[in-house]
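Colleague: For the protein sequence lines, the chains are A and B, in the order given. Last residue of the first sequence: 319 (numbering that gives the first Met the number 0), numbering continuous. Last residue of the second sequence: 298 (numbering that gives the first Met the number 0), numbering continuous.
Calculated from the structure, these hints are not laboratory results. Keep in mind that this is a model prediction, so the values were computed, not measured. Ideal Cβ placement from N, Cα and C applies to all residues, glycine included. Not one of these hints is a red herring.
DEER-style ranges, computed between Cβ atoms:
1. Lys228(A) / Ser57(B): 51 to 61 Å
2. Glu30(B) / Glu62(A): 57 to 67 Å
3. Gly165(A) / Ile112(B): 37 to 47 Å
4. Thr192(B) / Arg229(A): 43 to 53 Å
5. Thr290(B) / Asn234(A): 14 to 24 Å
Quick look at which bits of chain A chain B covers, simulated, 3 or more residues with Cβ under 8 Å:
6. 131-142
7. 269-281
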Amino acid sequence: MAKYFVKKGIQLIIVTILISFFSFAVIYAAPGDISGMYLNEQMSDEEKEAIKENLGLNKSMPEQYWGWAKEVLKGDFGISLANHTSVSEQIIKRLPATLQLMGAALVLSVLLAIPLGLWSGYRKNTWIDNIISGLSYIGMSIPSFWLGMVLIIVFAAKLHILPSSGMHSVGNESFLDTVKHMIMPCITLSLSNLAVFIRYIRSNTIGQLGEEYVLAAKAKGTTGGKLLKRHILKNTLLPIITLLGMNLASIVCGSFIIESVFGWPGIGTLAMTAIGVRDYPVIMAYVMLSGIILVVGNFIADILYAFADPRIKREDMAND
Amino acid sequence: MTDTRFKRIEKKKTQELISYDHSVWKDIKKELFSNKIALVSIIILLIIIIASILAPLSPYDPNKINVAEKLQGISAKHIFGTDEYGRDYFTRALYGGRISLTVGFCSMIMTVILGTAIGITSGYFGGKVDMFLMRFTDIFLALPSMLLMVVLNTILRPGLFTLIAVLSLFSWAQVARITRAETMSVKERDYVTAARNLGAGSFRIAVEHIVPNIMGPVIVAASLGIANAILMESSLSFLGLGVQIPRASWGSMLQSAQGHILDAPRLAVFPGVLILCTVLSFNLLGDVLRTALEPKIVK
Numbered sequence: 000m001a002k003y004f005v006k007k008g009i010q011l012i013i014v015t016i017l018i019s020f021f022s023f024a025v026i027y028a029a030p031g032d033i034s035g036m037y038l039n040e041q042m043s044d045e046e047k048e049a050i051k052e053n054l055g056l057n058k059s060m061p062e063q064y065w066g067w068a069k070e071v072l073k074g075d076f077g078i079s080l081a082n083h084t085s086v087s088e089q090i091i092k093r094l095p096a097t098l099q100l101m102g103a104a105l106v107l108s109v110l111l112a113i114p115l116g117l118w119s120g121y122r123k124n125t126w127i128d129n130i131i132s133g134l135s136y137i138g139m140s141i142p143s144f145w146l147g148m149v150l151i152i153v154f155a156a157k158l159h160i161l162p163s164s165g166m167h168s169v170g171n172e173s174f175l176d177t178v179k180h181m182i183m184p185c186i187t188l189s190l191s192n193l194a195v196f197i198r199y200i201r202s203n204t205i206g207q208l209g210e211e212y213v214l215a216a217k218a219k220g221t222t223g224g225k226l227l228k229r230h231i232l233k234n235t236l237l238p239i240i241t242l243l244g245m246n247l248a249s250i251v252c253g254s255f256i257i258e259s260v261f262g263w264p265g266i267g268t269l270a271m272t273a274i275g276v277r278d279y280p281v282i283m284a285y286v287m288l289s290g291i292i293l294v295v296g297n298f299i300a301d302i303l304y305a306f307a308d309p310r311i312k313r314e315d316m317a318n319d
Numbered sequence: 000m001t002d003t004r005f006k007r008i009e010k011k012k013t014q015e016l017i018s019y020d021h022s023v024w025k026d027i028k029k030e031l032f033s034n035k036i037a038l039v040s041i042i043i044l045l046i047i048i049i050a051s052i053l054a055p056l057s058p059y060d061p062n063k064i065n066v067a068e069k070l071q072g073i074s075a076k077h078i079f080g081t082d083e084y085g086r087d088y089f090t091r092a093l094y095g096g097r098i099s100l101t102v103g104f105c106s107m108i109m110t111v112i113l114g115t116a117i118g119i120t121s122g123y124f125g126g127k128v129d130m131f132l133m134r135f136t137d138i139f140l141a142l143p144s145m146l147l148m149v150v151l152n153t154i155l156r157p158g159l160f161t162l163i164a165v166l167s168l169f170s171w172a173q174v175a176r177i178t179r180a181e182t183m184s185v186k187e188r189d190y191v192t193a194a195r196n197l198g199a200g201s202f203r204i205a206v207e208h209i210v211p212n213i214m215g216p217v218i219v220a221a222s223l224g225i226a227n228a229i230l231m232e233s234s235l236s237f238l239g240l241g242v243q244i245p246r247a248s249w250g251s252m253l254q255s256a257q258g259h260i261l262d263a264p265r266l267a268v269f270p271g272v273l274i275l276c277t278v279l280s281f282n283l284l285g286d287v288l289r290t291a292l293e294p295k296i297v298k
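Okay, chain A solo, but in the shape it has when bound:
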């Protein structure tokens, strides 16, 4: 068990360092001379040299990386090239909106997937299962940004019932208004996860239905909803933990695209704009941050799973 944690912990550290390398590479490998963005025509050569010195551009790459990493550990991501304000401040200001959207999408997909998956597995190969399975296939195959566009066309442009972008209407900060703005992005973001979860829970339910404890429960006269809720649910929930960890990636990366489709004022939109104008410090900070959210999420899922499923401990010991 301890070995398992150590292994996962080491992996967490390695991946984080790798991600930091990648984020640093953004600025290092970026085309053109970075100092050009800080210099202008009126400066004298000495001033230019001083700025280069200040930016650390005359140092070697490992030194530059170390200098950057030290600041990042302190929470300082430098200054945006586009609007000359602190990157950390901008991100902190926009983080709640992103987390709100991601959280809502995650909760929505789990809450919907559990009953749908259980029911679809229980009624295997009936019309209801065919509909649910068919829809989940479509959900897996649809490009999420396109779904967003279609929703905007239908609900905002044609039917005028939902706002097409943003988080609040002007001058209206009420909770209801935010919810209204959140409906479409949230559905779009949760759909592919929802589909994956449904398929997973369905096949798990089918597997569990063949187990003897189900037969015993049936012999006692338990059927339908009660059987699913009391017996099968618990046994299918376990893998959901891992799935949550694994699919965090699609939520984090999805929010990057979805936010810009719906103009959601989160860090995804910020990064998107930054890519457009090649605002490297912001891109670096975004990659670093979402990478960390992801890796830590995965780590937590692994740990939780180990606690929830004693088999993993044994298996792991057998392997090593």
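Since chain A is already given, all that's left is putting chain B on it; use the hints.
Modeller: The following block gives chain B in isolation, referenced to the frame of chain A:
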């Protein structure tokens, strides 16, 4: 194997009472023709692929700007209408399909080759090699691939080759995992032991005995891999990090359609439906094959 005391045994041609021929391809063929979903997926894919290949037969130039005919609706002359530069949208969709499918196929092939090679090496040799390669694979599995693709595409010059390379770089790990597990079970079989005792080298065993026997899961992974690659490509192109204008893929067509979402929603509908149909068909095919090739799965 040059020892003259040993001679290769020729396969005797005898009439078999029962056929034991259960090659992967036979299983696949049987399943595909008996399964309605698979058949429909194949037909849809064939239509899309053939139409894309035949794209140059279209009377229109996909990149020729003709402002006089911009944003025309659906008509007999332009069956998908025209886009904001007056280009025939149907022709553009076909050429877009060429790019999207090329990216999908090429990155799948690279992914499968890379993944299978690493997976087999790791599974076959075991021990230190396995440990090193699998830790490496684990790290690649844990990396936020989409984010890194975005990063790489901002640094590298965006284009077809970059796209394929980046997509394969971040998808081989999955295939490696699957092939490693399969190799580990296959290498314990008697025919592998027999081959080894007859003096066959590792490479020969891997290519002649292991690869054919792990084909099933690899084919499934390939089918799902194309679906995934096309989806990823469309997302990257949608973000403007894919192929560059005036060339278009379905994803970049959607990017330009975003500006006309209110006045010409049809521009957004066609490429999206094409992506959906293609990806859905590959996903369905992959799953049908999985049930056909992996008897363990509960049907």
